[in-house]
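Trainee: Below are the chains, spelled out letter by letter.
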Amino acid sequence: MSEGPRIGKDEWVARAGENIARNRLLRLFDRIPGWARLLAFVVGVALIPLITDDGYINAVVFDTLIFCLLAIGLNVVVGWGGLLDLGYIAFFGVGAYTYAILSSEKFDLHLTTPVVMVIAVVLGALLGFLVGLPSWRLVGDYLAIVTLFVYQIFISIVTNGHDLFGVDLTGGVNGIANLDPFDFFGLQIPVSHEGIFNSNYVYVALAVFVAVFVALYLVNHSRIGRSWRALREDTLAAELMGMPTDWLKLLAFAFGAAVAALTGSLFASLKVGVFPETFSLTLLITVYAMVILGGVGSQTGAVLGAVAVYVFLEALRDPDVSGWVFYVSIVLALLFLVRPRWMVAIVLAATAAFGFVVHAVVGAIDDSWTAGAPPDSDRITRLLDSWVAIPANPGDAKTLAYVSLVALLLFVTTLKGVWRWAALVPTLYLAAFVWENVLSLQPDVTRFVLLGAMLVGVMVTRPSGVLGEHRVEIV
Amino acid sequence: MDYDKLFQTLVNSATLGSTYALIALGYTIVYGILKLLNFAHGDVFMIGAYVGFGVLTVFGGAVDPSISIWLVLILMLLAAMACCAVLGVAIERFAYRPLRDAPRIAPLISALGVSFFLSYSVQLLFGAQHKTYDSFNMAGGKLYEPAVTVGSFTISWLRVITIVAAILLMVVLWYLVARTRIGKAMRATSIDRDAAAMMGIDIDRVIMFAFVLSGALAGAAGVLFALRTDIFPQMGFTPGLFAFTAAVIGGIGSIPGAMLGGILLGTVEALTVTYVTDWIGIPVGLSNLVIFSLLIVFMLIRPQGILGRPDITKV
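Those protein sequence lines, which keep their order, are chains U and L. Heads up: the first sequence begins at 34 in my numbering, then just goes up one per residue. Heads up: the second sequence begins at 0 in my numbering, then just goes up one per residue.
Read the hints as simulated data drawn from the structure, not as lab findings. Keep in mind it's a predicted model, so treat the numbers as computed, not measured. Beta carbons are placed, not taken as given, at the ideal position from N, Cα and C, and that holds for glycine.
Examples of chain U residues lying across from chain L (beta carbon under 7 Å, computed): (1) PRO167; (2) ARG170; (3) TYR175; (4) ILE186; (5) ILE318; (6) THR432; (7) LEU443; (8) VAL478; (9) VAL489; (10) PRO496.
In isolation and in its complexed conformation, chain U is listed as follows (with noise of 0.2 Å):
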């Protein structure tokens, strides 16, 4: 990236420049026709519950594609139509709402599913129709903000709900409990079968989510995604060349919200209730990571982008894999960083002696700096154990070490040649401190650190995204 504004290059040039500069891998993934694409995925998912009765596993299929669907949506509006939507999650939200009110004990409303989800995404279409109008005369930012506005009032009524007018609507923070399960015209599947999750669920989002896909995909190749496209690229040129811009907002509005709207009437059917923290900014945030890293603009995209962010998420969660996918996470990405590769081998082995180096001068001066491993090992923890110093009372070393690991970080991309492999060996290793000493203690913090420092880097080293073929800019 060069420094100031560039001259003379023209964008030809530059988008020329990008797909050389495309891995080969990828190339090779563009020539498989789509159809194809998404029939392996179909196939892939559609297996899991048939292989394992897990019914975590199965849980998490079912989340992944609530999540897909959720990303293919936004990809409509910030993708496709160019518009940075922030109140996103408020039509989630009220898909969940519709669902939990017209098929629950609330107001003893026992609604089939598939009504609900007509009228939930009929709502969801018209609530986006509504929240798109202010993007006639406002753009980029200004927009972004109304949207953030439109989602603080979603949340401020869904909070404050139980008392609107004397009328319990929402439940207030309590949220609506008791929800209906999934039913198909009297045909109900129950949430658990025999006590652990019924997969039958992940066959209902995968039905849903197929459908969404090829409509989207149709709409996309449609009249109406090309003038998106146009939109995208440069609003007054498209209205010039006679496209009903205001109109074409709207509508890109109005199918994310529906495909929002959708996605939340489902989402609730399999849960027990709904309240109002469930639909927090990180949830938002974490569906704009997944439409980002995939690359916004490519419904696949968007999808793998879906899957390796919430898979990536629920591992971390787990402390028993947790440790894996640091280390191995790590070493890709110097893998994908470094070059030459083997590179990498030195690195990977200078840490290494590092590390029992500093293990062992650190023990020699105070046992209790390395006397604070845990008693439980299996064969990674008791490597780890003679390596990474973990003190018995680390206190505020780890706040310093954490402080530290990210100034170190930062400082290496700013070094270069030797000086960089060197001052990476003791990152590394800090990187390695801190994971036993902190991250790895508190998963469910730590995952959305990682989230936001992996935006941050993605953003930075490929600004269009993982897969992402288009240069996306809000209009």
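Chain L: place on chain U using the hints.
Mentor: What follows is chain L alone, placed relative to chain U:
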């Protein structure tokens, strides 16, 4: 009409508004130069509050400090301003600078990532539970004693300190921007970055300076804000949102606009919480609904803000 209540509300709004104005200035300075909505700014403000807490703890806490509590307060402000200035510069250098020529969505997402990273890092290191400066017991409760008394109506020391500190900082800022060389360079850069670069202005330095100013103001605002409320890792979000709106209402990129917007927004918030929810007959919890609806309507009517110039789209 209950005038005491009205006056009290107006004083509340001035305190709230001056804090918003400080944060809003940070948004406006950065936006003026980079055209970037710095989503991480609210979290820089939160870090400022935590730095203040750290300094307070080092000197023995609010009740029994090892040196004079007034000195501690000044140190807290200075430390928070320094740390946040450094943080701001670091964020710019590593998260925004590589993206200066990228499509506009990229730095926005990067900013979201930084915001996420900062708030969850603080949660990781210091926990999610609320902490407090315990300003109620600071200097034997002196902060809550009346400083100004007019008839039956009083203003506490806490509010006087907040408002005076905010005004002082704004005067310093005004001096820096209006009367110094680097301030002139900043103004030139905000009008036309490329032209400024061609006139020999070091753009990187100007942008760095903008982040120093914006960070320092956010740090100070964090400490002042935390004197009145609890601190917790996500505390930056709502004030950040309000302050950005204040900057937009005043006219983004305009420094007097940010001050005006801050005060105005503080007033609207205080009046809504005290009066408007009562008139409409909705619970106070829904005051956000009214405030945000008003803001949306305002943005639609006058998107360029009170003191801003409308954006002219060039083809």
